[in-house]
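Asks: Need the complex rebuilt from these two chains, each delivered in its own frame; the hints are there to steer you.
Chains as they are written, first to last, in our numbering: chain A, 4 to 343; chain B, -17 to 522.
Keep in mind that the hints were calculated from the coordinates and are not lab data.
Cβ coordinates follow ideal geometry from the N, Cα and C atoms, glycine included.
Check each hint, because a few of them may be wrong.
[Claimed, not checked] Computed, partial: chain A to chain B, Cβ under 10 angstroms:
hint, residue
1, F6
2, S15
3, A102
4, P288
5, R291
6, P335
7, V337
8, G339
Each chain is listed here by its residues.
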Amino acid sequence: MRFKTASTPHLSSPDTVSILMRRVLWALIPGTAVLTAFFGIGVLSNLVLAITLCLTFESASLALRHRPLRPFLSDYSVVVTAWLLAVALPPLSPWWLIAVAAGFAVVVAKHLYGGLGYNPFNPAMVGYVVVLIAYPAELTSWVAPLGLNGPPPTMEALASVLGGGAAEWDGATAATVLDLVRTETGRGRMLSEITMLPVFGWFGGRGWEWANLAFLAGGLWLLQRGVIQWQIPAGMLASLCLLSGVFWMVDPEGFATPLFHVIGGATLLGAFFIATDPVSAATTPRGRILYGMGIGILTYVIRAWGGYPDGVAFAVLLMNAVAPTLDYYTQPRVFGHGER
Amino acid sequence: MSRSDPPLWRFHGGLKLSGHKSESTGLPVTEPPLPQRLILPLQQHIGRPAEPCVSVGTRVLKGQLLAAADGYISASLHAPTSGLVESIEMRPIPHPSGLSAPSVVLRSDGEDQWIDGLTDQDSAPLDAIALRHRVRAAGIVGLGGAAFPAAVKLNPGPQRILEQLILNGAECEPYISCDDMLMRERAADILSGAGLLCRALGVARCLIGIEDNKPEALAALEAALAASPNPGVEVRRVPTIYPTGGEKQLIRVLTGKEVPAHGIPAEIGIVCHNVGTALAVHEAMTLGRPLISRYITVTGQGVATPRNLEVRFGTPVSELVAACGGYTERADRLIIGGPMMGFALATDEVPVVKGSNCILVASNQELPQPGPVMPCIRCGACTEVCPAGLLPQQLYWYARARDFDKVQDYSVFDCIECGCCATVCPSRIPLVQYYRYAKTAIWAQEREKEKADLARQRHQFRLERQDREKNERAARMSKKRAALEVSDTGSDSKKAAIEAALARARAKKAGVRSDASSTAAPESARIPETADDRARTEKP
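So here's chain B without its partners, still in its complex pose (with noise of 0.2 angstroms):
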């Protein structure tokens, strides 16, 4: 269990960047005082929005589901406080582009009383996929940032074999402190949420990466862990280099391997999770909680007393803010996440989800407004960075010409958008704003074929429908007309005469069944013909 003994692997690249964390490690955690009206948008998670399960004006208490995942790749959402369902609206939500996204507004009654029924679940210790089940039912995702469902990454597929878990601690982004906080006060919770963790994926192993600049968070977690041995889980101190804490980086330096490019760690035998994740799996097995709040950390020359708030999703960043003492004259910029992946926002009025791990409120001298632009002179100094191995500035180069063949070919799709390249840029390029615009206009290109051959495919589907139907039409003609023939043949004129008749009758009958048949087929089986019907059945 020693910390310098087993080897670490390097990644290439990565940047050595001033932590800045004391400034927000110096204080306990505290609550915020609960807010008056909670947003809660459905889509906090990657995968479908939930789907909302209570209506307007429903009293609801803390813990209860207010939309429930819609599909396998989503998460459920519930009350983080009791209080009556105000609205479901749009409101604006902490994303780049600033727009809005449909929220519950729930409006607080202050009694914050919990939903019955939580605790009296079964002791007895549940098997991997009720394990699975519960993470899911409580609407737990991945709290590293990109909040993806933690039971699918839960649920490999039988074809894999795991060999271990890797909780990830790195934490490598400047500035945010929330998982150092969590580990130093949570440490045997989150050892317990490894345990189950390890049980729903079937593996024993378990390795914990925590950087060299959070000694204390070390301490913490070997602590708990003399105190409670699991000889399958080790705790590791990693360098601290950005980004350390993205997944394939942490494992890259855990483990020696690789994820495949394009792939997933569990393709290596391999599942991340983060160590706020763990915490979470621990609260819902245990005291059958949901995920309504997390560690949050409120820093910057821009706010009065930096510090971490354990938080309420959905609570106003601006209230996050008046509780860590407000704004300083400083205040410059406003960013959701770390100095180097976040994004800036223009205003406070957003409320924090469930990916939100830091609100950093700069002043204009920790993070300066970047200087002109100027040409690449291919200095190369993107390429020592990059945590990827790719050419940032070969890159830039054919972004910029749009040129998405090559920019393929540079294997842009590889780019983790970490940052580095334009960290260290002399010309001031935002390399990494061209890498999202080709990524962008790839998938939109690749849209518009999927388009236009789904069109292809359908026009050649009605010119074979057309075709089919007028060789019917033709083999009914020829029938009729040959037992026209036939009749009139006949010895016995009388008698062919009333054959004659019948058959027509028969025919007649036959037919209008037939084109009766052709015309009430059922709506979903037509194929769409005008430009609006292909407009309603292309996107649902």
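If we strip away everything but chain A, and leave its shape as in the complex, we get (with noise of 0.2 angstroms):
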């Protein structure tokens, strides 16, 4: 009788990399859902767009560097990468925006250094960052959430997201809560009464606390089932908390608090969702930690005293560049050696 040989071991555990990725889409799913509730019909049209964009440009790629389609689109990273971008984007952007954001997400940042593995850095956020810089009028101004400045975006609106501008569509917009910190305690204003302008809820961003809380739950939901592992949230959260604090401590009404560092703007989607993206970030434990603490601190630098409103997308670039030395300098030590 002859059978069929394999090399060791023979045994493999069930998850795959399209599994793995499949289940951070559907950890997105509740706090997209939030997003689209509070904002409208917008988030979905970016979705909608972002993913048949990044989708597009994937297989181009591929096709352009001979490699087989089905297992690579099949592996569903493309989609996650497009689903950070769209919720990352402003709702309603018009499909240019996100198909620059898309093709250098996808083709530049990912498929020229070597596809999926390879990238050094996060394709949603070089994306993102890319338009930031280009776009920043379009990136600023972000649809005001429901019941405020007038009624939601309706069908017209979408029609201008084909049509080609956001200036064509003159719906309601709003600067984001921490645009407006950073402009309003520039100018000298106190905090207490920055934060009681109507964009702001009960502790963040009207809509966006809500949205963000539904996000750590989906990021929870990841730790969970082993997905992600806890060090980069943990140390992205505890460096924001503590610097944030600090700086609040001495000066209330000059800083915000560590509460509304991480429940406002991205620092929920981004511990949980963006800074985890295995590829770029660091890998050991204690390398982990470190990358995440990093973050935390250069999002906090870049909030406070920073040109951009919110410096998640900076912060994780900004770390994935020394995302290997980190690695070199973290080996965990080795089973009958000595400390490293």
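Replies: This is how it looks when you write it as structure tokens:
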């Protein structure tokens, strides 16, 4: 009798890259649903456009690189990238804006570096930062949350997405809370005054705070399922809380509370979904703690003193650049060896 | 002696795997029918192959020496039954390469007659050295799988002070249950073997580590211990985490000590043996029987009646499966050993050897063929489970890039090839395969380097010798010339002429003798110069 042979071990766990990525997508659903509830259909138009465009770019890149389409499209990694872009960009972003972001994310940040597993920088954040720098006006005007500044965007507004410009759509927009805090404290206003503005909710931005809590829930589920490990989110949140706490205690009118920093902006989305992208993050256990802490510190520095309202994307990209160094200096102790 | 009191330690990582032990523990252990032919590879152990001491056509009795240990790290081989030595030839062996190796083929005569004089050994307690010699003579090797000659492990050297013996009954790999059954059925004999091993090592303390998925084995050993109390022996229940049965891992769990990298347990005062080895030592000492059989698990969905068998070495795998009701329709893969570290074979026409502990005939559903390999996404799942504390994905990266310096920086030689990393890898990368490749390539490089160094030394030596010969020749010539000059200036020309002639003759004679002595140097002292010579002397 003849038998099939294979190399050891013969057991394998059922988890595959595709399953892990799909779990990330499941975990993104609650936050995205809350965002849609507060900001309307524009979130979904972002999502549909981003996924379509990213899949197109991915297929084209794979074809140009003579790689098989099926295994790499079915790993869902590009869908995760698209989804992160879609929730990072302002709702009702015009198609060309999403196309530029998706193109840079998939073609430049991912495939020019060798595709899945080889990109040193987080593709979604590269795409986001490119359009943030290139089109600051479009990126900083968010659709106002429901119940603020008039009616929600309608189907009419959707037409403007495909028509080419947010400018064409004359709907209600509002600055994000982080933006407000930055500009208004810059003008010397008290924080206690600023946070009375209607765009603020209970402890973060109106609408955003609930979406962020929903992202937190998704992130905790990912932790529980073992898709991500605790080190990066814990490091990032701890350092952000610590730093913002120190400055808030020194000057509570000039610096926002730690709670505001955690719930406001992209902190929770970043801590659980963006910084934890394994390909571009540090990979040793201690390295991941330092990596997360670095992102928290940089995020705070950029928010408090930088030129951009939110710093998560920049912080992630900067820490991506040092991840290999962190890995090198934080190798775990090998069994039977002394301390490194 | 309570089970839960003593402290236990942890090692990093590891996996909780479903055991699949109960499939093969339902039936008592039996012997399969005596096979017609036994194929006994001369190397069933780590070290040099045994040297055959029977010739083709010899009739041998059960327990008779077939091949003697060749050197210190080697093990003797005995006849598992009586019969005729049919041939000594190359036969396929149970090895992942699928290659053949020199083997003694023994045709059974069906009488299964023991050799005389096994039991009439003096009953006086033996000292450590005599015990060790008896273990060596019985051909006992480690029965946990590595098959390292047991007598070598019983001789830690005079400079090491040993504290305790650890008996490994962890049996952490799924499906394998031969040690479990051995402990259930032969607990008292294992304890007797443990006592003998302690005596051979000069230690008073022995810990027996058993994973908590084997309550029957734990109970059996505790009952046996209660029946013949020994204050130095303790049975310890350890958590079921693969690879607790690894020697270094079990030592860590039981004692909290780590065996130094590239070191052996004796360096920290510990010697570790498998429970099966302890039983073999008991049989060798009390019954005088050499190692000729062992418990082997035959299991998996591809076998009709999974169970454990007491098998003579040399029995073909096909006959073991036949003794367990044959193959089922679902038989898809044949694995010698467990699903984590066992190797797959293409054919069942190979014998079982001393190191074989399990025949796993798996269905495609039990052990699915791995899916397509994807790129590493650096998820770090491998790092989380690595019991050696390595960074498997970095090792993979550098092994793939053939950057062998880096691979060694990341401690590839501390990898125990347990397979945890590859099991959890979501990209289905055959990581262990890459590490084996890197290790083999590094060994090959080192051998190449040694060869090159040797060749360089030889060349150097040759140049020196040529130089020396040239100088010697020059010295001889100048001496001769000086002698001639002296004779030319003599006053009595006749006398001088005679003397000169005598001197010439003497010089010539001396020259011939020295030439002769240099050419007549013994063969072994000659320096090989041609490539053929070199090849001949290099590998004996």
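Asks: Would you mind marking each hint as holding or not holding in the structure?
Replies: Tested hints:
Below 10 angstroms, beta-carbon pairs count as interface contacts, and A:F6 has one with chain B at about 4 angstroms; its hint therefore holds. With a cut of 10 angstroms, the hint placing A:S15 at the interface with chain B holds, because the nearest CB-to-CB distance is about 6 angstroms. Interface restraint check for A:A102: the shortest CB-CB distance to chain B comes to about 26 angstroms, outside 10 angstroms, so the restraint is violated. Residue-level restraint check for A:P288 holds (minimum Cβ-Cβ distance to chain B is 7 angstroms; threshold 10 angstroms).
Interface hint at A:R291: satisfied, since its Cβ lies 8 angstroms from the closest Cβ of chain B, which is below the 10 angstroms cut-off. The beta carbon of A:P335 comes within 5 angstroms of a beta carbon in chain B, closer than 10 angstroms, and the hint placing it at the interface holds. Taking 10 angstroms as the C-beta contact cut-off toward chain B, the hint placing A:V337 at the interface holds, the least distance being around 5 angstroms. At about 4 angstroms, the closest approach between the beta carbon of A:G339 and any beta carbon in chain B falls short of 10 angstroms, and the interface hint on this residue holds.
Of the numbered hints stated above, the single one contradicted by the structure is hint 3.
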